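Chains A and B, in that order, are what the protein sequence lines are. The numbering of the first sequence is my numbering, which starts it at 1 and goes up by one. The numbering of the second sequence is my numbering, which starts it at 1 and goes up by one.
Treat the hints with care, since some could be wrong.
[Said to hold, decoys possible] Which bits of chain B does chain A cover? Going by a derived footprint, with three or more residues having C-beta under 8 Å, they are:
#	region
1	56-64
2	83-94
[Claimed, not checked] These stretches of chain A come out as covered by chain B in the derived footprint (C-beta under 8 Å, 3 or more residues):
#	region
3	119-130
4	267-280
5	533-545
Just so you know, these hints were derived from the structure itself, not from any lab. In this text, all values refer to a predicted model and were calculated from it rather than measured experimentally. We put the beta carbon where it would ideally sit given N, CA and C, even for glycine.
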Amino acid sequence: MKLDAKVPPGPLPDKWDAHVDSIRLVGPRNRPRYRVIVVGTGLAGAAAASSLGALGYEVECFCFQDSPRRAHSIAAQGGINASKNYRNDGDSVFRLFTDTIKGGDFRAREANVYRLAQLSMSIIDQAVAQGVPFAREYGGMLANRSFGGVLVERTFYCRGETGQQLLLGATSALAKEIHDGHVRMHPRTEILDVVIVDGRARGVVVRDLVSGEVSSHAADAVVLATGGYCNVFFLSTMAKGCNVTATYRAWRRGAGFANPCFTQIHPTAIPAGSEHQSKLTLMSESLRNDGRVWVPRKQGDKRPPAEIPEAERLYFLEERYPRFGNLVPRDVAARNAKEVCDKGLGVGATGYGVYLDFRDAIQRLGVKTIEARYGNLFEMYERITDEDPRKAPMRIYPAPHYAMGGLWVDYNLMTTIPGLYAIGEANFSDHGANRLGASALMQALADGYFILPVTIADYLSRHPSGEVKADHPEFGRVEAEVRERTKRLLSVNGKRTVLSFHRELGQLMLDKCGIARNRAGLEEALRRIPQLREEFWRDVKVPGGEGELNQPLEHAGRVADLLEFAELMCLDALTREESCGCHLREEHQTEEGETKRDDERFANVSVWEYQEGAKPRLHQEPLAFEAVHLAQRNYKT
Amino acid sequence: MKFTLRIWRQDNAKGPGAFVSHGIDGISGDLSFLEMLDLLNEQLTGRGETPVAFDSDCREGVCGMCSLVINGRPHGPNALTTTCQLYMRHFRDGEEITVEPWRARAFPVLKDLVVDRAAFDRILEAGGYVTVHSGPKPDPNSMPVEPAIAEEALDAATCIGCGACVAACPNGAAMLFTAAKVSHLSLLPQGQPERYTRVVKMVEQMEKEGFGGCTNLGECEAACPKGISIKFIGRMNRDYFRAVLKEPIDRRGPMNAQ
Ligand SMILES: Cc1cc2nc3c(=O)[nH]c(=O)nc-3n(C[C@H](O)[C@H](O)[C@H](O)COP(=O)(O)OP(=O)(O)OC[C@H]3O[C@@H](n4cnc5c(N)ncnc54)[C@H](O)[C@@H]3O)c2cc1C
Chain A
1 MKLDAKVPPG PLPDKWDAHV DSIRLVGPRN RPRYRVIVVG TGLAGAAAAS
51 SLGALGYEVE CFCFQDSPRR AHSIAAQGGI NASKNYRNDG DSVFRLFTDT
101 IKGGDFRARE ANVYRLAQLS MSIIDQAVAQ GVPFAREYGG MLANRSFGGV
151 LVERTFYCRG ETGQQLLLGA TSALAKEIHD GHVRMHPRTE ILDVVIVDGR
201 ARGVVVRDLV SGEVSSHAAD AVVLATGGYC NVFFLSTMAK GCNVTATYRA
251 WRRGAGFANP CFTQIHPTAI PAGSEHQSKL TLMSESLRND GRVWVPRKQG
301 DKRPPAEIPE AERLYFLEER YPRFGNLVPR DVAARNAKEV CDKGLGVGAT
351 GYGVYLDFRD AIQRLGVKTI EARYGNLFEM YERITDEDPR KAPMRIYPAP
401 HYAMGGLWVD YNLMTTIPGL YAIGEANFSD HGANRLGASA LMQALADGYF
451 ILPVTIADYL SRHPSGEVKA DHPEFGRVEA EVRERTKRLL SVNGKRTVLS
501 FHRELGQLML DKCGIARNRA GLEEALRRIP QLREEFWRDV KVPGGEGELN
551 QPLEHAGRVA DLLEFAELMC LDALTREESC GCHLREEHQT EEGETKRDDE
601 RFANVSVWEY QEGAKPRLHQ EPLAFEAVHL AQRNYKT
Chain B
1 MKFTLRIWRQ DNAKGPGAFV SHGIDGISGD LSFLEMLDLL NEQLTGRGET
51 PVAFDSDCRE GVCGMCSLVI NGRPHGPNAL TTTCQLYMRH FRDGEEITVE
101 PWRARAFPVL KDLVVDRAAF DRILEAGGYV TVHSGPKPDP NSMPVEPAIA
151 EEALDAATCI GCGACVAACP NGAAMLFTAA KVSHLSLLPQ GQPERYTRVV
201 KMVEQMEKEG FGGCTNLGEC EAACPKGISI KFIGRMNRDY FRAVLKEPID
251 RRGPMNAQ
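Could you put together the complete structure from these sequences and hints?
Following this line, the structure appears as structure tokens:
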């Protein structure tokens with residue numbers, strides 16, 4: 001496997017423009033001859049499919065939900081970053097770029113991140129033109145708020161439903177292209193494998209989730225925009241359907257998988273309450289702008305929060321990080337919450353929770369102002385917990401939230417398989433080892449609206465269209481494999497449900513490959529996962545048949561892939577002998593318990609290559625930092 | 001807590017379907033309705049019975065995938081709440097709970113509690129957008145929008161397209177959904193150029209899909225988990241009648257890549 005990032009030459013600020021100028025294009029008359037498959041209709045997929053359709057390509061688009069507008073992007077709450085500098089607070093492209101590189105703890109590619117910062121402004125312009133109703137100030141100008149980990153206000157938002165509004169914008173553009181016949185939409189259809197012929201991606205094999213029919217779709221290029229894989233932890237803030245199948249299958253077919261162990265644990269979710277809980281609900285991190293995080297200073301202090309006097313409260317973020325206080329980056333906030341709970345200071349039924357308190361903000365600004373800012377989040381919290389955050393502090397706890405790891409891509413967003421692209425959360429992304437708040441929406445949309453539609457032309461223009469059709473024998477072979485896997489799942493007929501395996505895997509991964517990890521734990525997980533997988537294939541019970549709407553079967557296929565992928569995550573975590581970004585490798589910390597990076601050995605991207613019947617092989621893409629000085633993060637002073 | 005669940009079971013789109021009762025015990029009030037159904041499915045699977053098919057995805061009230069009529073009410077008894085955020089503490093211990101799919105001619109049942117809502121997507125495809133290509137656009141601050149207008153547009157745009165409005169309407173009308181989508185864009189400056197052609201196309205598509213007519217019963221508003229107001233229906237009707245009276249001539253040629 002050869003890793004060539006194809007970063008264009010020239011000064012950082014000029015790279016993208018120069019690249020666009022030098023790229024080969026496909027003329028408008030030829031575009032309809034090229035067929036592109038886009039898997040996924042989240043922000044990345046919907047933006048890409050609609051943009052490609054509008055350019056005139058023939059697009060086939062897939063999602064497993066019943067409508068493209070229900071993709072998981074819809075759940076994003078807080079906002080989207082752009083370096084508009086509307087607030088005149090010193091923001092700039094360069095500052096968004098450096099914030100992202102530093103936030104990612106120096107594990108992202110400079111050229112990609114710079115381009116992202118440059119394109120951030122166009123995203124806001126595009127969304128507003130589509131009718132996205134961002135919050136406005138009294139004079140009618142766009143409003144901004146600040147988001148964890150940065151010193152400027154550059155986040156654009158629609159109340160607590162920014163993702164929904166951006167997705168409605170992107171899927172409305174998609175709807176137009178569907179109507180005009182440029183995009184053929186296949187909802188309730190799941191990609192189960194990618195087809196490679198002569199070393200190039202030529203299509204996908206899918207299952208119609210209503211009829212159960214398995215079929216092949218050929219194209220000149222395939223784009224995976226299938227989102228993140230945090231459901232490997234079972235309990236996460238992701239939608240129930242989120243999975244790793246498409247990218248994992250692409251990996252098995254030869255695409256490099258980068259940094260699989262990099263996942264983000266979000267600091268502000270509602271803590272788990274019971275063993276049958278199915279997901280964790282995120283409380284937007286914007287709440288940390290006005291909420292103060294604390295726990296009782298005394299272990300096992302069961303008094304109601306209002307009865308705990310000021311002096312007996314430990315505002316652990318404010319004390320430890322006076323400059324950023326409650327607005328430290330996500331990983332710092334999450335790790336500190338876990339640490340105080342591990343010390344027995346946690347609150348709530350399970351002892352795994354900390355308070356997020358609005359008392360002082362309400363006293364200072366009045367309940368009206370606070371409600372205007374967070375009203376719908378308060379309602380959501382109250383609906384779930386039956387408690388009113390205006391009267392008693394919220395309880396929060398970290399939850400798996402975002403996958404920085406993903407398929408390795410070059411500057412053109414192409415994976416190591418020619419003709420196979422990965423965009424949005426599905427690629428290994430510009431967020432390095434840790435993503436800043438409000439930057440995922442930005443990246444998914446930059447990839448989908450502005451980067452992929454241009455870079456894919458370069459690839460397409462170099463190959464004749466329609467070379468391989470779905471009747472090629474390779475499609476038949478892959479289809480047969482997919483059918484065989486489905487049959488196997490249905491024929492085990494054991495005793496345990498899919499859900500029970502998923503839960504067990506999740507708990508194991510959270511314990512061993514979560515916020516804090518160590519060698520012994522990872523080695524244990526690497527022993528345990530194959531056992532669990534063996535048990536799954538021996539004892540799982542998947543009811544129903546193949547040729548029908550069969551939800552347990554869908555779930556079983558996803559869990560089967562997660563059970564294999566989990567091993568790759570642990571292997572990657574074991575190999576990365578440093579603490580970096582979101583994760584503390586317990587062996588690598590400073591005396592004060594802060595993370596210790598190792599730039600000598602690990603200033604690189606770990607890219608894994610699948611090996612039939614053998615351990616995956618590790619490759620590395622070295623990362624050079626020319627524009628930002630390689631330095632330890634410091635949120636203390 | 002303990003419940004008897006009377007659930008609509010139907011093998012596929014063709015099948016007749018019937019209510020089947022399933023008992024469930026040991027349920028904590030802090031489980032969501034869907035988590036309770038997960039647990040029921042675990043038990044059914046364990047006993048070699050077929051689990052109940054139902055749609056859900058985000059489980060935080062915004063994707064609009066979940067869709068159950070619970071005791072005769074779309075999304076159950078609580079106002080402004082989707083099924084995925086409904087908790088069992090809102091039911092009486094020992095209660096019999098009836099669970100059905102959305103019932104509407106335009107939403108055929110696919111299996112058990114899963115319905116086909118593609119008709120909504122076709123309404124959006126008919127005109128629910130502002131025609132803009134991806135590429136450079138003017139700075140948004142060059143076109144100020146009064147915050148009250150932006151907020152009202154968002155009140156409409158917050159519709160999650162779940163279909164509860166249709167399921168609640170005795171006529172099976174899709175007016176609230178269509179009106180929310182129309183009003184979101186017609187309120188904003190960006191939506192003005194296509195304002196009148198859009199409303200006509202969307203309303204015509206809605207009528208083609210076999211949704212019923214609106215007789216101002218207001219059930220849709222009461223059932224809407226996002227609190228979309230029926231005032232948007234009035235808004236849409238005004239735009240529609242103006243459009244029909246004015247009969248604007250669509251002078252655009254085809255806007256293909258060519
Ligand atoms: C609760 C929550 C809140 C968030 N808030 C913010 C925020 O405020 N700001 C921010 O910047 N980011 C936020 N994020 C992160 C952000 O929402 C996501 O990273 C981003 O939306 C991902 O977009 P995407 O297009 O890559 O993937 P997704 O939106 O996840 O879309 C994936 C698509 O792929 C399809 N798919 C997947 N697998 C298959 C398959 N095998 N076959 C067919 N189709 C498939 C799905 O149907 C779906 O259409 C949040 C995330 C969560 C979980």
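These are the hints, each one checked on the structure:
1. Counting residues of the region 56-64 of chain B whose CB lies closer than 8 Å to any CB of chain A gives 9, so the stated coverage by that chain holds, three being the minimum.
2. Check result for the region 83-94 of chain B against chain A: holds, 3 residues qualifying (beta carbon to beta carbon below 8 Å, three or more required).
3. Check result for the region 119-130 of chain A against chain B: holds, 7 residues qualifying (beta carbon to beta carbon below 8 Å, three or more required).
4. By the rule of at least three residues with a Cβ nearer than 8 Å to a Cβ of chain B, the coverage given for the region 267-280 of chain A holds, with 6 such residues.
5. Judged by the Cβ-Cβ criterion of 8 Å, the region 533-545 of chain A is covered by chain B as claimed, because 3 of its residues qualify and three suffice.
The earlier numbered hints are all upheld by this structure, with none contradicted.
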